Amino acid sequence: MPGTSAGPIFEVDRTTRDGYVPAMIETRNITKVFEDKKRGQVVAVDKISFKVISGEIFGLLGLNGAGKTTTLRVLATLMKPNSGEAFLCGIDVVKEPERAKSKLGFLTGSTGLYGRLRAREMIEYFGKLHGLESKQATERTGQLMGMLGLTEFAEVRCDKLSTGNKQKLSIARTMIHDPEVLILDEPTIGLDVIASRTVVQFINAEKGRGKAIIFSTHVMHEAEKLCDRIGIIHKGSLIAVGSPVELKEQACADDMDDAFVKLVGYDVAQR
Numbered sequence: 007m008p009g010t011s012a013g014p015i016f017e018v019d020r021t022t023r024d025g026y027v028p029a030m031i032e033t034r035n036i037t038k039v040f041e042d043k044k045r046g047q048v049v050a051v052d053k054i055s056f057k058v059i060s061g062e063i064f065g066l067l068g069l070n071g072a073g074k075t076t077t078l079r080v081l082a083t084l085m086k087p088n089s090g091e092a093f094l095c096g097i098d099v100v101k102e103p104e105r106a107k108s109k110l111g112f113l114t115g116s117t118g119l120y121g122r123l124r125a126r127e128m129i130e131y132f133g134k135l136h137g138l139e140s141k142q143a144t145e146r147t148g149q150l151m152g153m154l155g156l157t158e159f160a161e162v163r164c165d166k167l168s169t170g171n172k173q174k175l176s177i178a179r180t181m182i183h184d185p186e187v188l189i190l191d192e193p194t195i196g197l198d199v200i201a202s203r204t205v206v207q208f209i210n211a212e213k214g215r216g217k218a219i220i221f222s223t224h225v226m227h228e229a230e231k232l233c234d235r236i237g238i239i240h241k242g243s244l245i246a247v248g249s250p251v252e253l254k255e256q257a258c259a260d261d262m263d264d265a266f267v268k269l270v271g272y273d274v275a276q277r
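Going from the sequence shown to our numbering is simple: count from 1 and add 6.
Quick caveat, the hints were computed from the structure, so don't treat them as lab data.
Every value quoted in this text rests on a predicted model; they were computed, and no experiment measured them.
There's no promise every hint is true.
Unchecked claim - Below are the DSS-like pairs computed for lysine-lysine, each with C-alpha atoms no more than 27 Å apart in a straight line:
| hint | residue 1 | residue 2 |
| --- | --- | --- |
| 1 | K241 | K231 |
| 2 | K213 | K231 |
| 3 | K107 | K86 |
Stated by the list, open to error - Quick list of the computed label-pair ranges, beta carbon to beta carbon:
| hint | residue 1 | residue 2 | range |
| --- | --- | --- | --- |
| 4 | V48 | V225 | 25 to 33 Å |
| 5 | T144 | Q207 | 21 to 29 Å |
| 6 | A259 | D184 | 34 to 42 Å |
| 7 | D198 | G118 | 15 to 23 Å |
| 8 | V162 | E41 | 38 to 46 Å |
| 9 | F40 | N210 | 30 to 38 Å |
| 10 | D198 | R45 | 33 to 41 Å |
| 11 | N88 | E161 | 42 to 50 Å |
| 12 | A211 | E102 | 23 to 31 Å |
| 13 | S140 | D263 | 44 to 52 Å |
| 14 | K241 | L123 | 38 to 46 Å |
| 15 | G115 | D263 | 21 to 29 Å |
From the three backbone atoms N, C-alpha and C, an ideal C-beta is built for every residue, glycine too.
Please work from the sequences and hints to get the whole structure.
What follows is the structure in structure tokens.
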């Protein structure tokens, strides 16, 4: 098991005329340990703490296996931590998972679509699952399809859509209930330049509406352009948090690719 000392807490220094801005997403020393037959106890996430406020995009970067997905799954109520706490809009995700999920839009690579449903039907269906009335679901579906450039594909079956349109449809499904918190795990993966730009513009628009957003990606220039702050996870620990400019200064690097490599201590000669 990991040690008992707390990990670093990365605060948001943000106030308004009314005072302190509360966190919309918060983790407090969350730790997740898996049992492996060969390796024994494997610490996937080790005492991770950070906060994200309304109107902020927080990038989460790390190598494969660093602990990003486990952290996101804990926040999304899909996995319970061994210790520590996590909150969405002040709601404990372990003690009140259903209430927490009502505040969340969670996009992952496994966010599935039903191939036989038309694009419009798909979004409306999930709107009703989230408790929207038929009229609300229809209006919200039309709004999202317009924002994501899907209107002309409204009556196309999901299994006939291009990769880019499938991903945009998955985002619309994630957003149908207008959640206050978004967790987007590689939302632009596999997309061409135009589709990626549409998705990035949509994410920025949601930030402007006051959403608290976690944006996980392997595309460093995308993170640099989009994120207010970036957290870097390495071997289960959150090793650095700051704005793109701050992280580049910390690493004495000119771009985020080089900064990331230096901060995680990657050595090409070791490969």
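Using the C-beta atoms of D198 and R45, is the stated range 33 to 41 Å upheld? holds, 40 Å
Note whether the CB distance of S140 and D263 lies within 44 to 52 Å or breaks it. For D263 against S140, whose Cβ atoms are near 48 Å apart, the range 44 to 52 Å holds.
Just tell me: holds or violated, for the beta carbon distance of T144 and Q207 against 21 to 29 Å? holds, 24 Å
Would you check the hint for K213 and K231, treating anything up to 27 Å between C-alpha atoms as holding? holds, 14 Å
Mind checking the hinted window 38 to 46 Å against the Cβ distance between K241 and L123? At 41 Å between Cβs, range holds.
Does the hinted range 15 to 23 Å hold for D198 and G118 at CB? Check passed, 22 Å falls within 15 to 23 Å.
Can the suggested window of 42 to 50 Å be confirmed for the beta-carbon pair N88 and E161? Check passed, 47 Å falls within 42 to 50 Å.
Is the hinted pair K241 and K231 satisfied, with a Cα-Cα distance of at most 27 Å? holds, 25 Å
D184 and A259 - C-beta distance against the hinted 34 to 42 Å: holds, 38 Å
Do the Cβ positions of V48 and V225 conform to the proposed distance bound of 25 to 33 Å? The hinted range 25 to 33 Å holds for V48 and V225, with Cβ atoms some 27 Å apart.
For the pair G115 and D263, does the Cβ-Cβ distance stay inside 21 to 29 Å? holds, 22 Å
Verdict for V162, E41 (Cβ pair) under range 38 to 46 Å: holds, 45 Å
Every hint, counting from the list given before, is met by this structure.
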